[in-house]
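Visitor: The listed protein sequences derive, respectively, from chains A, B, C and D.
Position one of the first sequence corresponds to residue 1131 (the numbering used here), numbered consecutively onward.
Position one of the second sequence corresponds to residue 289 (the numbering used here), numbered consecutively onward.
Position one of the third sequence corresponds to residue 97 (the numbering used here), numbered consecutively onward.
Position one of the fourth sequence corresponds to residue 2 (the numbering used here), numbered consecutively onward.
Just to be clear, a hint being listed does not mean it is correct.
[Stated by the list, open to error] FRET-style restraints, in silico, Cβ to Cβ:
hint, chain 1, residue 1, chain 2, residue 2, range
1, D, A100, A, D1162, 35 to 45 Å
2, D, A132, C, L120, 45 to 55 Å
3, A, D1162, D, S168, 43 to 53 Å
Hints were generated in silico from the structure; no laboratory data involved.
Quick reminder that beta carbons are idealized off the backbone N, C-alpha and C, glycines included.
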Amino acid sequence: MRFILDIFTVVLLSAGAFFFLAGTVGLLRFPDTLTRLHALTKADNLGLGLVAIGLLPRTGGLYAAKLIGVWLLVLVASSAVSQLIGRAARRGTLQK
Amino acid sequence: MSAATLFGVCSAALVGLGLYGLIIHPQPLRKILAFNLLGSGVFLLFGVIARRGAASGLGGDPVPQALVITGIVVAFSATALAVALLLRLFHETGRTTLNADAPKNSSDNPPRKSPDS
Amino acid sequence: MPYFLLSVCGFILIMVAVGLIRILRGPTNADRMMATQLFGTGGIAALLLLAAAVDVSAVADVALVLGLLAAFASVAFVKNASRETDDLKGGRSEVRPR
Amino acid sequence: MTIASALYIGLAVLVLALASWTIFAQDDYAAIVGFVTYGLLLSLVWVSLSSHDIALTEAAIGGGVTGVLLLGAGARLRGAREPTGLERPGIARRVSAAALCTLISVGLALTVLILPEPAPTLAPSATANLAATQMGNPVSAVLLAYRALDTLLESAVLPLALIGVWSLASDRFWGGRPGLQYRADREGVLAFLAQLLSPFGVLMGIYMVWIGADHPGGKFQGGTILAAMWILTRMAGITDTPPISRRWLRIVLITGPAVFLAIGLAGFAIPGTFLAYPAGFAKPIILIIEAAMTPSIAATLALLLAGPPERKPNG
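Just chain A, same shape as in the assembly (with noise of 0.2 Å):
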């Protein structure tokens, strides 16, 4: 059983890891800033998600709704944030 779990962690530390590759390579080199927007919010979402959930098995109770908090408040905060900027870059109010 510990055994499964640990692999359980590797895989999604793994992929949690990957998806925050993913978000670097975007931001530098997606050529605007929607588009860069995009892959950043996949690191925000999904890489912090897939840590969050990959560390579980090695935890437990307040601590492990810790973790799912952090997760969730990011996710609220940057989804909201992520449109925000969206619009405001459409709208060309933060061209200087």
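Please build the complex by placing chains B, C and D on the supplied structure of chain A, with the hints as guidance.
Guide: Only chains B, C and D this time, still in chain A's reference frame:
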């Protein structure tokens, strides 16, 4: 090299960088940033001294840690006061510089007239 | 296992640190702010991994506070950036909320 | 080299890189964004120095409210373009400043390297007397029991700074509402975020104060989170800053320091000196101080961030 020594050297460099910015930059806003950087270097130095004093099962000496917490809050209030002074200066004179001889900036966004002068 | 957790932590930190090149390059401040946002999320993930590797529960509280406030600066950024354009159009934006 | 020390080296390099960007960036606003990131990074550094109390404070203040303050200031000053070349210091001044700062840095670094071994520490005496304060977190014990005088002085500094900020108001706005009013977001995204996040944030702030006696946390961290939630609802256009002439606001601002000072003076009567707590009652008294201070700290920090009054009381 332990983490404490590493961050100790790092904090020394931060103090130097902050001081350099404070001397070099003519704009007050950049001076405020540099001053905060200088302050964070000093806080980090305190943190390193706290970390070195780890004993009796604690991660660090609590006395410098408490000093740093106090310091961070006071540094924030000082920054807020400095920013308020700077914004007021900008509204009064249209300038963000302390040099009285500098010509007024010719921006298309004129500051509001001071009502009480 | 702690080695694996620490390596993932290091990997994520390196990734988000590389993403900070966006702060150097810009070109708009929105891009810079997005790099900060990515860095905040990556920092939270790194903290969670670090906490799991060394078993310190207080670190989760730090991660929660960061999670609560990391997007805060971005909100201020968007609000200020769009308020500036209102300023240019005509006076200060003092529209009362309805 | 272990993975942990590689992590620390990476963190230190990143700290220095962001600090250099903050100092050397051409564009002011880009420098501010760099500084905000630097604040987030510092809380990771504090965690790796095992200073969780400081990491929480830095995450709340350095990563949160300072960033909002500076981004706001940067946006309002963006209209001001300084004439270039006028005040730029010459190469001689740059070189001499760099030499001076390098000298100071090298001196400090050498001092760090030759610090005495074993390091002097007050940790044993802090833990030895922890039982007398009935607290579990030695940092909170230092803040509120051993060195309560420092904290009392700090709680006086916060209202003083606020008075300083308010005194910068124009005469015609005196007594009015601080800061510009934020326009409510038409599509309501930000209002949604503020309504969803702020109850959780208030819970989190109170939790921070509550566990502060025994675990990392306390009134400064909790108060900052509460202040941040107020600012968030303000930016969303849901709430507005009250006119500074309101009596209830003045009472909220002054209650914390006043209670703290009153307890300090009461120390003369019962145990015999200023700020001494009667034996056996340390913890309830400390809890009273924390509970009274938290709303005051939250309100003071939020109003410091809002700035001087800029609108008429009814506007």
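Visitor: None of the hints should be skipped; say for each whether it holds.
Guide: Cross-check of the supplied hints:
| no. | hint | in the structure |
| --- | --- | --- |
| 1 | D/A100 with A/D1162: 35 to 45 Å | holds (44 Å) |
| 2 | D/A132 with C/L120: 45 to 55 Å | holds (53 Å) |
| 3 | A/D1162 with D/S168: 43 to 53 Å | holds (46 Å) |
Violated hints: none; the structure is consistent with every hint.
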